[in-house]
Amino acid sequence: MFQTIKELVDIANSRKLPISEVMIQTEMETTGKIRKDILDKMSGQLEVMEKAVERGIREDIKSRSGMSGGDARLLRNYLEQGNTLSGSVLLDAVSKAMATNEVNAAMGTICATPTAGSAGVVPGVLFGLKSKLKPSRDQMVAFLFTAGAFGFVVANNASISGAAGGCQAEVGSATGMAAAAAVEMAGGTPEQSAHAMAIALGNMLGLICDPVAGLVEAPCVKRNAIGASSAVVAADMALAGIKSIIPCDEVIEAMYRVGRMMPAALRETALGGLADTKTGRALKKRIFGSDVQQPSMIKER
Amino acid sequence: MKYRSVFDIIGPVMVGPSSSHTAGAAKIGRMARKLLGTAPVRAKITLYGSFAETYRGHGTDVAIVAGLLDFDESNTSLPDSLSIAKQKGMDIEFFIDKETPMEQPNAARIFLSSGDNELELVGVSIGGGKIEITEVNGFSISLSGSNPALLVLHHDKYGAVAEVAGLIAKYEMNISYMEVSRQDKGRLALMVIQTDEEIGEGLAAEISGLPNILNVAVLS
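Residue numbers (my numbering), protein chains in the order written: chain A, 60 to 360; chain B, 108 to 327.
Quick caveat, the hints were computed from the structure, so don't treat them as lab data.
Among the clues, some could well be false.
As the list claims (entries may be wrong) - Subject to a maximum C-alpha distance of 25 Å in a straight line, what follows is the list of computed BS3-like cross-link-like pairs (lysine-lysine): (1) B/Lys-109 / A/Lys-100; (2) A/Lys-121 / A/Lys-337; (3) A/Lys-193 / A/Lys-100; (4) A/Lys-75 / A/Lys-65; (5) A/Lys-302 / A/Lys-65; (6) B/Lys-141 / B/Lys-277; (7) B/Lys-264 / B/Lys-141; (8) B/Lys-141 / B/Lys-193; (9) A/Lys-343 / B/Lys-205; (10) B/Lys-205 / A/Lys-337; (11) A/Lys-121 / A/Lys-344; (12) B/Lys-141 / B/Lys-195; (13) A/Lys-75 / A/Lys-92; (14) A/Lys-281 / A/Lys-110; (15) B/Lys-277 / A/Lys-92; (16) B/Lys-277 / B/Lys-264; (17) A/Lys-95 / A/Lys-189; (18) A/Lys-65 / B/Lys-109; (19) B/Lys-151 / B/Lys-193; (20) B/Lys-205 / A/Lys-344; (21) A/Lys-92 / B/Lys-109.
Claimed, not checked - Label-pair distances were calculated between CB atoms; the ranges are: (22) B/Pro-208 / A/Gly-146: 47 to 55 Å; (23) B/Ser-283 / A/Ser-195: 33 to 41 Å; (24) A/Gly-265 / B/Leu-317: 50 to 58 Å; (25) A/Ile-305 / B/Glu-210: 25 to 33 Å; (26) B/Glu-210 / A/Gly-265: 20 to 28 Å; (27) B/Ser-283 / A/Ala-324: 36 to 44 Å; (28) B/Gly-273 / A/Met-60: 23 to 31 Å; (29) B/Lys-264 / A/Leu-76: 51 to 59 Å; (30) A/Ile-305 / B/Lys-264: 53 to 61 Å.
Remember, predicted model here, so these are calculated numbers, not experimental data.
Even glycine gets a Cβ: it sits at the ideal position worked out from N, Cα and C.
With the rest of the complex left out, here is chain A (with noise of 0.2 Å):
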């Protein structure tokens, strides 16, 4: 069992596993499953994720408030004309991660990674790398243990909660842990993956959860977005053998101490940040003047 990010990379070292492998026998350990068991329930998670993934590329999304959706297929309709700025890659990964929260947003199924509202992040980029890596299923799924096993140290020590550390605590690890996975399916090596981790999620220290109307869509989908794009980068960063000054542990304890400092109209109490802006009352005002529950059930006091 590894509780730090440097005890995962040591483990994986001295055992020369990748890290996917490191996760995948932990979890063997503490739930006494079998190893098939636990790859067949990721293969299911992995299933989830490309149904989503499609949907939101495909069919024509909107959420209930009308804020989201439409979005994903927008910059699918852009990348296939062929002259982006970004490159095609980059974007692709974009585009999949805003339609898995845009499907999210719909009250639609999902895999959380590590949660619902940056649950584009991981899916975006493993589904916008397979075309340049072709990873195998199995590789695929790997990349699933790998974020999962970098996104258990960061819950484990700091918050994977925007209420409780705001939206670094959800895109940002969501971004740290897809781009210490992309590391892993491009070859590099576990240290590099604690790297691109490290930076990533460094990157967005501070980042505050200030949800519009309270609903998890702006600008939820569009975080989501330019994460995945971070993660790949990030990922680029540490592959060419760049380092974070500050060692991926301390990083993940600054964001914990960040969120710990930050007041609760900045975690995900639509009180501040975007959430209180002219247009932002004005959306809520818009959405949820005439109360779309049954008034008789609500008291607030």
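With chain A fixed as given, assemble chain B onto it according to the hints.
What follows is chain B alone, placed relative to chain A:
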């Protein structure tokens, strides 16, 4: 450690939009339903903290009621729970409490009744769909979520604890923590048992069948 499994991080598979405010809320509701042991006829639900501020956007109210209907977080009927509950004649009241300070940001107090059968619990959603239960029928409990847990409501009679412990031993499982609390001698009591191993439906069903046992819920 609050999170034990890789599937706490890559998972759960769930209906959107929020793991803490939708999936976690559904789990708290379902936990209350399991401990009541039957479908509630009346429900009073109080939302605190971020639940109180953003329940409408995240469908927290809808998710808790889905849990009361015994739906899990991936049930695609979850978004329709309020109308399904209405059809079933469930009488539900929500209270939004923005005043009471809570230690954790996402908390709900749920009071359920069906005839003389009553249950009240406080659940907290800690992120990524994981929940903790901090209070059952006035008993403060400390369930960190670090191990799988069994909550057993039972009559305060001799042998009740021994029989439950015996069944756990029969399943070759190790108890890592156990707490028994009661309101008055000889009346209602609550066992909270944490184990090293995952708790299967089979064990929960066998415990439910023991004499003096009222209801059993599993927190995995």
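Hints, verified against the model:
1. B/Lys-109 / A/Lys-100: holds (21 Å)
2. A/Lys-121 / A/Lys-337: holds (23 Å)
3. A/Lys-193 / A/Lys-100: Distance ~22 Å between A/Lys-193 and A/Lys-100 Cα, so the pair holds.
4. A/Lys-75 / A/Lys-65: Roughly 15 Å separates the two Cα atoms, so the pair holds.
5. A/Lys-302 / A/Lys-65: Satisfied, since the Cα-Cα distance of roughly 14 Å is no more than 25 Å.
6. B/Lys-141 / B/Lys-277: Satisfied, since the Cα-Cα distance of roughly 23 Å is no more than 25 Å.
7. B/Lys-264 / B/Lys-141: holds (22 Å)
8. B/Lys-141 / B/Lys-193: Judged against 25 Å, a Cα distance of about 20 Å means the pair holds.
9. A/Lys-343 / B/Lys-205: holds (18 Å)
10. B/Lys-205 / A/Lys-337: Holds, because 23 Å separates the two Cα atoms, which is no more than 25 Å.
11. A/Lys-121 / A/Lys-344: holds (19 Å)
12. B/Lys-141 / B/Lys-195: holds (18 Å)
13. A/Lys-75 / A/Lys-92: Measuring from Cα to Cα gives roughly 23 Å; hence the hint holds.
14. A/Lys-281 / A/Lys-110: Holds, at about 20 Å.
15. B/Lys-277 / A/Lys-92: holds (19 Å)
16. B/Lys-277 / B/Lys-264: Cα-Cα ~22 Å, so holds.
17. A/Lys-95 / A/Lys-189: holds (24 Å)
18. A/Lys-65 / B/Lys-109: With a Cα-Cα distance of about 19 Å, the restraint between A/Lys-65 and B/Lys-109 holds, given a limit of 25 Å.
19. B/Lys-151 / B/Lys-193: holds (14 Å)
20. B/Lys-205 / A/Lys-344: Cα-Cα ~19 Å, so holds.
21. A/Lys-92 / B/Lys-109: Holds, at roughly 19 Å.
22. B/Pro-208 / A/Gly-146: 47 to 55 Å: holds (49 Å)
23. B/Ser-283 / A/Ser-195: 33 to 41 Å: holds (39 Å)
24. A/Gly-265 / B/Leu-317: 50 to 58 Å: Given about 53 Å between the Cβ atoms, the range holds.
25. A/Ile-305 / B/Glu-210: 25 to 33 Å: For B/Glu-210 against A/Ile-305, whose Cβ atoms are near 30 Å apart, the range 25 to 33 Å holds.
26. B/Glu-210 / A/Gly-265: 20 to 28 Å: holds (24 Å)
27. B/Ser-283 / A/Ala-324: 36 to 44 Å: Since B/Ser-283 and A/Ala-324 have Cβ atoms about 39 Å apart, the given range 36 to 44 Å holds.
28. B/Gly-273 / A/Met-60: 23 to 31 Å: Roughly 30 Å apart at Cβ, these two residues keep to the hinted range, so it holds.
29. B/Lys-264 / A/Leu-76: 51 to 59 Å: holds (52 Å)
30. A/Ile-305 / B/Lys-264: 53 to 61 Å: holds (58 Å)
Checked against the numbered hints above, the structure breaks none of them.
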